[in-house]
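Chain order of the listed sequences is X and H. Reminder that position 125 of the first sequence reads as 125 in our numbering, one-by-one numbering, no gaps. Reminder that position 4 of the second sequence reads as 4 in our numbering, one-by-one numbering, no gaps.
In case anyone wonders, no lab produced these hints; they're calculated from the structure. In this text, all values refer to a predicted model and were calculated from it rather than measured experimentally. Any given hint could turn out to be false.
Once the Cα atoms are required to be at most 30 Å apart in a straight line, the calculated DSSO-like pairs of lysine-lysine come out as [stated by the list, open to error]:
hint : chain 1 : residue 1 : chain 2 : residue 2
1    : H       : K56       : X       : K56
2    : H       : K183      : H       : K152
3    : H       : K56       : H       : K121
4    : X       : K75       : X       : K56
5    : H       : K104      : H       : K121
6    : H       : K121      : X       : K56
7    : X       : K71       : X       : K168
8    : H       : K152      : X       : K56
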Amino acid sequence: MMQDLAVHLVYLVYAVSVLMGMGTILTWVERKQGAVISDRIGANRAYIRLPFTQIKLVWIGLFHGVADGLKLLLKEDFKPATYDAFAYAIAPWVVFAPVLLVFAVVPFGGALHPAELFSGLPAVAAWFGDKTYQLQIARLDAGLLVVFAFGGLTVIGAMLAGWSSSNKFSMLGALRAGSQMISYELVMGLTVLGLILIFGTVDLTAIVQAQSGIVLGVLPAWGVVLQPFAAVLFITAAMAENRRTPFDLPEAESELIAGYYTEYSAMKMGIFMFAEFIEIAVIAALFSTLFLGGYNLPYMHDGGFTLPGGVEIALAHGTVVVLQLVTFLAKMLLMSSFQILVRWTLPRFRYDQLLRFAWKFLFPICLANLVVTAIAVWALGGLK
Amino acid sequence: MSNPRTPNVKRTARVYWNEPAMGAWESVYLLEVVRGLVITGGVFLRNMWKWCTGRKGAVTVYYPEEMRPDYARGNRGKHVLVQRPDGSAQCVACNMCATVCPAKVIEIEAAYDPADVAHPKSPARFEIDYSRCIFCGLCVEACPEDAIRMVKDVPDFPGPDRGAMWITKEELLTWQPARDAAKPYPPHPASGTGSPQP
Numbered sequence: 001m002m003q004d005l006a007v008h009l010v011y012l013v014y015a016v017s018v019l020m021g022m023g024t025i026l027t028w029v030e031r032k033q034g035a036v037i038s039d040r041i042g043a044n045r046a047y048i049r050l051p052f053t054q055i056k057l058v059w060i061g062l063f064h065g066v067a068d069g070l071k072l073l074l075k076e077d078f079k080p081a082t083y084d085a086f087a088y089a090i091a092p093w094v095v096f097a098p099v100l101l102v103f104a105v106v107p108f109g110g111a112l113h114p115a116e117l118f119s120g121l122p123a124v125a126a127w128f129g130d131k132t133y134q135l136q137i138a139r140l141d142a143g144l145l146v147v148f149a150f151g152g153l154t155v156i157g158a159m160l161a162g163w164s165s166s167n168k169f170s171m172l173g174a175l176r177a178g179s180q181m182i183s184y185e186l187v188m189g190l191t192v193l194g195l196i197l198i199f200g201t202v203d204l205t206a207i208v209q210a211q212s213g214i215v216l217g218v219l220p221a222w223g224v225v226l227q228p229f230a231a232v233l234f235i236t237a238a239m240a241e242n243r244r245t246p247f248d249l250p251e252a253e254s255e256l257i258a259g260y261y262t263e264y265s266a267m268k269m270g271i272f273m274f275a276e277f278i279e280i281a282v283i284a285a286l287f288s289t290l291f292l293g294g295y296n297l298p299y300m301h302d303g304g305f306t307l308p309g310g311v312e313i314a315l316a317h318g319t320v321v322v323l324q325l326v327t328f329l330a331k332m333l334l335m336s337s338f339q340i341l342v343r344w345t346l347p348r349f350r351y352d353q354l355l356r357f358a359w360k361f362l363f364p365i366c367l368a369n370l371v372v373t374a375i376a377v378w379a380l381g382g383l384k
Numbered sequence: 001m002s003n004p005r006t007p008n009v010k011r012t013a014r015v016y017w018n019e020p021a022m023g024a025w026e027s028v029y030l031l032e033v034v035r036g037l038v039i040t041g042g043v044f045l046r047n048m049w050k051w052c053t054g055r056k057g058a059v060t061v062y063y064p065e066e067m068r069p070d071y072a073r074g075n076r077g078k079h080v081l082v083q084r085p086d087g088s089a090q091c092v093a094c095n096m097c098a099t100v101c102p103a104k105v106i107e108i109e110a111a112y113d114p115a116d117v118a119h120p121k122s123p124a125r126f127e128i129d130y131s132r133c134i135f136c137g138l139c140v141e142a143c144p145e146d147a148i149r150m151v152k153d154v155p156d157f158p159g160p161d162r163g164a165m166w167i168t169k170e171e172l173l174t175w176q177p178a179r180d181a182a183k184p185y186p187p188h189p190a191s192g193t194g195s196p197q198p
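Go ahead and model the full structure; you've got the sequences and the hints to work with.
Written as structure tokens, this is what we have:
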């Protein structure tokens with residue numbers, strides 16, 4: 001009992017610090033990557049001066065995030081004369097909380113045997129006994145369904161913010177957010193149905209473990225190999241869910257000022273922005289889990305590697321755990337960077353184009369992909 | 001059914017010169033997206049490779065610290081007071097620059113040294129208020145002694161208050177020391193003899 005509590009407390013601290021850290025780092029990555037893409041230098045002026053010296057630490061602009069946070073905390077917390085102050089106040093949190101909750105079911109590592117990990121400390125090892133934990137906050141059988149359930153909650157926050165602001169721009173933004181997110185939610189759900197058909201489960205850990213295998217003799221059985229179209233469609237729909245360029249119609253600053261958070265200032269606005277950046281990381285984590293083999297390197301599983309020729313490489317438990325944690329973080333960073341690349345490449349859709357793209361382009365392709373997958377799974381008798 | 005009001009007008013669709021024309025390639029949207037991503041990704045990797053190998057991967061510059069190489073040769077960025085070989089200012093405090101200055105930003109306080117027979121008059125104080133200077137270069141034109149020049153520089157004058165935007169004689173002399181090759185004046189005489197130096 002106490003062992004479970006200790007392990008899960010560590011997990012919680014790890015997950016929250018990973019998400020908050022990613023959210024902070026990604027603001028910097030967004031600035032710097034955008035700058036490098038457009039032949040600029042990027043934000044590099046914020047510094048921390050060591051006390052009593054003239055040594056200024058710039059660290060390639062990393063402190064700009066700190067400066068932003070301080071600025072947002074110290075700004076005036078403007079409140080509009082709204083008829084629903086309560087909804088106005090909780091809207092940022094309704095956007096923010098589900099984004100964090102989604103990560104609860106995402107496995108960020110394989111199985112953990114504390115006794116084996118602490119074999120050098122017999123007292124600790126004995127305390128843990130032969131307990132095994134998955135590196136995951138909540139292992140739910142309905143993992144993927146939970147992801148979609150929580151993911152769909154953010155639209156409520158956007159709608160609340162828009163409606164309770166007493167502002168036409170906010171309301172237009174909220175309407176756009178509502179129709180856009182519901183349309184793309186559908187596409188996103190359909191894309192992963194193919195994976196569920198192939199792996200026969202919605203448990204995210206089981207999906208990751210199923211991707212340790214080998215298909216066609218050499219390729220790792222990653223989702224992106226089994227379902228390439230679904231991978232492209234999923235990342236597209238997920239970015240539309242996150243309302244970032246090219247899908248940032250709800251907050252299109254050239255048309256709607258800031259869309260549904262026009263009336264928000266100071267840290268309330270900061271929470272919207274922070275939720276957006278954390279959602280980049282969460283989408284990256286989900287994409288890695290579903291399509292890129294999760295926390296495993298190619299051909300890797302909890303015991304080590306099984307290379308295509310049937311070669312087995314066994315690894316110590318501690319090595320495996322560290323490797324899996326690092327691999328998952330690296331994949332998250334890589335996919336986040338990819339989303340930022342997309343944001344700095346594509347211009348914004350027009351609103352009718354956005355909905356046409358969802359319903360007349362992505363939706364039929366998803367259905368076709370699903371049908372083809374279903375036929376293939378039926379013909380091959382499943383890959384399991 | 002045709003419109004009864006304009007029964008017999010044959011309508012032809014107008015073709016505009018800038019009619020959007022999308023080929024089969026462009027209409028499959030995702031392929032063009034991939035092409036765009038390859039372009040931006042390529043630029044990103046090229047610039048990152050430059051940064052990682054110790055070169056500069058940007059076309060912009062660190063503005064006040066770094067000067068663009070393509071500044072004009074005659075760029076009037078910042079003033080310089082020309083030095084004599086002994087390090088004193090070549091200025092004779094004639095006030096012509098201060099008189100011609102359209103913004104009236106030059107302040108000169110003259111000093112008199114009877115011991116220095118060749119140049120008894122010199123500036124004790126020579127200050128320019130850069131918060132008002134318009135960088136027209138008339139002071140350089142007006143100077144009879146070639147004692148003030150303007151050279152190219154990125155002026156990083158902005159300061160927390162206006163008082164910090166004055167430049168003093170010491171800085172004018174030393175921030176980029178300049179000599180006048182055409183006037184190799186003898187060094188400062190050790191003592192006044194009452195007659196001009198040969």
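Here's how the hints hold up against the structure:
For the hint pairing K56/H with K56/X, the CA-to-CA distance comes to about 22 Å; that is within 30 Å, so the pair holds. This hinted pair checks out: K183/H and K152/H have alpha carbons roughly 23 Å apart, not beyond 30 Å. Of the supplied pair hints, the one linking K56/H and K121/H is violated, its CA atoms being roughly 50 Å apart against a limit of 30 Å. For the hint linking K75/X to K56/X, the alpha-carbon distance of about 25 Å falls within 30 Å, and the restraint holds.
Straight-line distance between C-alpha atoms of K104/H and K121/H comes to about 22 Å, which keeps the hinted pair within the 30 Å bound. Distance check on the hinted pair: K121/H and K56/X sit about 45 Å apart at the alpha-carbon level, beyond 30 Å; violated. A threshold of 30 Å between alpha carbons decides the hint, and for K71/X with K168/X the separation of about 27 Å falls inside it, so the pair holds. Restraint check for K152/H and K56/X: satisfied, since their Cα atoms lie roughly 28 Å apart, inside the 30 Å limit.
Checked against the numbered hints above, the structure violates hints 3 and 6; every other hint is satisfied.
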